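Undergrad: Sequence order for the protein chains is A and B. Each residue of the first sequence is one higher than the one before, starting from 1 at the first, in the working numbering. Each residue of the second sequence is one higher than the one before, starting from 456 at the first, in the working numbering.
Each computed DSS-like pair below joins lysine-lysine, with the alpha-carbon atoms no more than 30 Å apart:
(1) B:K586 <-> A:K270
(2) A:K272 <-> B:K570
(3) B:K570 <-> A:K366
(4) A:K380 <-> B:K542
(5) B:K570 <-> A:K380
(6) A:K277 <-> B:K595
(7) B:K570 <-> A:K277
(8) B:K488 <-> B:K633
(9) A:K270 <-> B:K570
(10) B:K570 <-> A:K374
(11) A:K374 <-> B:K676
(12) B:K477 <-> A:K374
(13) B:K595 <-> A:K290
(14) A:K374 <-> B:K488
(15) A:K374 <-> B:K542
Partial list, computed: chain B residues near chain A (C-beta under 7 Å):
(16) R539
(17) C540
(18) I568
Just so you have them, the derived chain B footprint on chain A, three or more residues with Cβ under 8 Å:
(19) 275-285
(20) 371-383
For the record, the hints were derived by calculation from the structure and aren't laboratory data. Remember, it's a predicted structure, so these values are computed and weren't measured experimentally. Cβ coordinates follow ideal geometry from the N, Cα and C atoms, glycine included.
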Amino acid sequence: MNTFTLASRNVRKSFRDYGIYFLTIVIGVALFYIFNSIASQSVMMELNQDTRLTLLGISREMDMLSGFVAAILGFLIVYANAFLIRRRKKELGIYMILGMKKGKISAILLAETFVVGLVSLAVGVLLGIFLSQGMALITAKLLGVSVSRFAFVFSMDAVRKSINYFGIAFLIVVLFNVININRQKLLHLIYAEKRTPQFHKIPIAVSFILFIISAIMLGVAYHFMLTTGLVGFFDETKRIAQLISIVLGLVGTLLFFFSLSGFLLRLISKIKGVYFKGLNMFTLKQLGSKMHMAFLSQTFVCLMLFLAISAISVGYSMSYALRDNLKETTAAIAISYMSFYIGIVFLLTCASLLAITQLSEASDNKARYDLLGKLGASGKILSQSLFIQIFVYFLLPLILAIAHSFVAIKVMSILVEMMGNINIFAISLIAGGMLVLIYGGYFLVTYLSARKMIR
Amino acid sequence: MQKILQVRDLEKMYGGRGSVTKALNGISFDVDKGEYVGVMGASGSGKTTLLNCISTIDDATSGSIYIENVDVTTLRSGQLSDFRCRKLGFIFQDYNLLDTLTAFENIALALTIAKVSPRDVTQRVSAMAEKLGIADVLNKYPVQMSGGQRQRVASARAIVTDPALVLADEPTGALDSKSSQALLEGFRAMVKELQSTILMVTHDPFSASYADRILFIRDGKLFTELVRGEDSRKAFFDKIMEVMAVLGGEAA
Numbered sequence: 001m002n003t004f005t006l007a008s009r010n011v012r013k014s015f016r017d018y019g020i021y022f023l024t025i026v027i028g029v030a031l032f033y034i035f036n037s038i039a040s041q042s043v044m045m046e047l048n049q050d051t052r053l054t055l056l057g058i059s060r061e062m063d064m065l066s067g068f069v070a071a072i073l074g075f076l077i078v079y080a081n082a083f084l085i086r087r088r089k090k091e092l093g094i095y096m097i098l099g100m101k102k103g104k105i106s107a108i109l110l111a112e113t114f115v116v117g118l119v120s121l122a123v124g125v126l127l128g129i130f131l132s133q134g135m136a137l138i139t140a141k142l143l144g145v146s147v148s149r150f151a152f153v154f155s156m157d158a159v160r161k162s163i164n165y166f167g168i169a170f171l172i173v174v175l176f177n178v179i180n181i182n183r184q185k186l187l188h189l190i191y192a193e194k195r196t197p198q199f200h201k202i203p204i205a206v207s208f209i210l211f212i213i214s215a216i217m218l219g220v221a222y223h224f225m226l227t228t229g230l231v232g233f234f235d236e237t238k239r240i241a242q243l244i245s246i247v248l249g250l251v252g253t254l255l256f257f258f259s260l261s262g263f264l265l266r267l268i269s270k271i272k273g274v275y276f277k278g279l280n281m282f283t284l285k286q287l288g289s290k291m292h293m294a295f296l297s298q299t300f301v302c303l304m305l306f307l308a309i310s311a312i313s314v315g316y317s318m319s320y321a322l323r324d325n326l327k328e329t330t331a332a333i334a335i336s337y338m339s340f341y342i343g344i345v346f347l348l349t350c351a352s353l354l355a356i357t358q359l360s361e362a363s364d365n366k367a368r369y370d371l372l373g374k375l376g377a378s379g380k381i382l383s384q385s386l387f388i389q390i391f392v393y394f395l396l397p398l399i400l401a402i403a404h405s406f407v408a409i410k411v412m413s414i415l416v417e418m419m420g421n422i423n424i425f426a427i428s429l430i431a432g433g434m435l436v437l438i439y440g441g442y443f444l445v446t447y448l449s450a451r452k453m454i455r
Numbered sequence: 456m457q458k459i460l461q462v463r464d465l466e467k468m469y470g471g472r473g474s475v476t477k478a479l480n481g482i483s484f485d486v487d488k489g490e491y492v493g494v495m496g497a498s499g500s501g502k503t504t505l506l507n508c509i510s511t512i513d514d515a516t517s518g519s520i521y522i523e524n525v526d527v528t529t530l531r532s533g534q535l536s537d538f539r540c541r542k543l544g545f546i547f548q549d550y551n552l553l554d555t556l557t558a559f560e561n562i563a564l565a566l567t568i569a570k571v572s573p574r575d576v577t578q579r580v581s582a583m584a585e586k587l588g589i590a591d592v593l594n595k596y597p598v599q600m601s602g603g604q605r606q607r608v609a610s611a612r613a614i615v616t617d618p619a620l621v622l623a624d625e626p627t628g629a630l631d632s633k634s635s636q637a638l639l640e641g642f643r644a645m646v647k648e649l650q651s652t653i654l655m656v657t658h659d660p661f662s663a664s665y666a667d668r669i670l671f672i673r674d675g676k677l678f679t680e681l682v683r684g685e686d687s688r689k690a691f692f693d694k695i696m697e698v699m700a701v702l703g704g705e706a707a
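Looking at chain A on its own, in the form it has when it is part of the complex (with noise of 0.2 Å):
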C-alpha cells in the first residue's frame, strides 16, 4: 500500500470522528478569507472618495487584526493536530512492528496533513468567496452607498494571505509531527493505551477552601473593577486596581476549575438518593476522574469565552454609539467588524476545543460504555449518562465566563454611554443570540457524534 492511499484512508477515519473539527478549520479560513476580501468588495458598490478612503480605512484594521486572527487558528490546528497524533500512538506503533521506517512513517502523516490542509483552504477559500458576496451587501448598507451591480467579489490577494498564513500553520504541523515520530520509542507506542486512571488525592476540604478562595478572589476582582472602572486608565493607583484584579481574576478563574470538581461532584456523592439512581454514580465519577485534570483547558475555554462575548457586546454597542451619535461610519465599521470577526473565532475556537476533547473522550470510554450496556443499563440511560458529561463540560467555563462578562460589560457601559444613549445589555442579547447559536451548535453536533460513537 502505498503512502497516498494509507494517507487518504487515515484522513476519511479520523474526518467521520472529529468532522466538526475540520469543519471548524474550513470556516476560520471562509472567515479569515471574507475579512481580508473587504477592500475588494468594492466592485459592487457606487464609491466617493470619501467612501472608498473609509472602505480602505476598514481593510487596514482587518489587516492587522488577521495575524492575531490566524495565529489563534493556527493555534488550534496545532493543538488538534497534537491531540490526534498522541491518540493514534497505538496505530504507529503497529507501522513500527510492521517494519515501516520512522521516514515512511513521518511521509504518511505528511501526506495526511497535506490532503487535509489542501482540501480545508480549497474548502474553506471557496465558501469565503461565496460569502463574501453577501458580506459586500451587508458592507454597502452600513457605509450607506447603493449597490450599483451585481459584480462578482475576488480577492486574489485574501486567497493569497489564507495561503499564505494557513500554509504556516499546516508547516508547524509537519515540522511537529517529524520531531515527534522521531522521539518515539516502540515500547512506548505499543502500550501508549494503557493508561492508569487518576483519582482525586486533595482531601475534600482543602478541595472546599480552595473553591472558597477562588469565590474571594474572584469576588474581590469584580469589585475592584466595578468600583474603579476603565476610565482612569492613566492614573497610577487605579491602573495598580486594575492589573489587580485582573491578576485576581485569572488566578481565581484557574482556582475555580481546580477546586470545583473536587468538592462539588465528592459532595453529590455524599446524597444517597441522588448517587444510587440510575448511572448517576458512573456518571459523577467519569466527570471526576478527568476534571482535575482539565482544569487548564477548562480555564482557557472560559476566558476565550469571556473574550467572545465582550468583544461582541462592546464593540457592537460601541459602533452603535459611533455611527448613531457620532458619525464616525469608518470607525463604527470597523469596530463592530472586528468585534464580530473576534467573536466568532474565539467562540470557533474553544467549541471546537472542547469538541475535540469530549469526541476523543467518548471513543476511549467506548468499552466502558459496552460493559454498561450489556450489565443492562438501556440505550436512553448511557445516551444520558453521555449528554451529562459533555453539557457540563460545556456549562461549566460558559457560566463563569458570563459572569466574567457581565462584570466586564457593566465596566465598559460606562464608557459607552458617555458616547451616547446606548443600552449595551440590550446589545450584549446579540452576543447570547450568537452564542448560543454557534456554542449551543457545537455542544449539539458532539453530543450526537458522541452518541454515535459509543452505540
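Use these hints to put chain B onto chain A, whose structure you have.
TA: Quick look at chain B alone, frame taken from chain A:
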C-alpha cells in the same frame, strides 16, 4: 425441579450469500434452578456464540431460549436491557470492572441500573461482600486489587441483583491457579448457599470439574453430557479428560 433455562433447537448463522457459517446447529438443553453447569468445547465450537445468545447480547437465527419461561428471542431491544439487568448476572474473563469506580461502587452499579431503591443499596452490597469475603477491599479501586479479588468483586456484582441465571465466560482465564481455586470454590458456595444458577463457559478441565454437569459442544451441536453425581472432584476431572481425548486433540 424448576427449569431456569431451556434452550430449544437453537441455530445461529453468520455471513450470508455463499459463505454461511453455522455457529450453532440446532442445540437443545435445560438447566435447573440451583445447578452449576459447565460448557466446554474447542475454539470455534460455538460455545461463546451460545453464551452470547443466552445473554441476549447476540440474537439467534432460529430456535428459542426460555429463561424463567420467558422466550428471550421474542423480546424487543427495549425490553432486553431491562431483562438483562433483572434476570441475568455476568462474569467476564477480564473482570470488566470499571476502573474509575471502587469495588463498592462497581457492585452497587448493578443494583442502581436495576432501579433498586437507593436506600437499600448500601446494605445489599455490604451483605454480598461479606458473603464473598471482599468486605475489606470495598473502598479500593480495581487497580489496587489482586486478580482474585477483582474477580470476586465481579462475582458479587453478578449475583447482588439476585438474578435467575449467572453467565460466566472463562472466569478463571486471567487468574493464577490459587486464585482460580478460591473463585471456583466461591461459585460452589454461591450455588449451595445462595441457590444461584450458574452457566460457565470454559476450556479449562480443572475449572469445569467444579461444576455439577458439563455440556460438550462440537460443531455447534451438543456432543455429549457429563454429570458429576456422587463422584469426587478428582474423579470427575479424570472423566472430563477422557471425553476431551475423544473430542479430539485440541478439544480444549
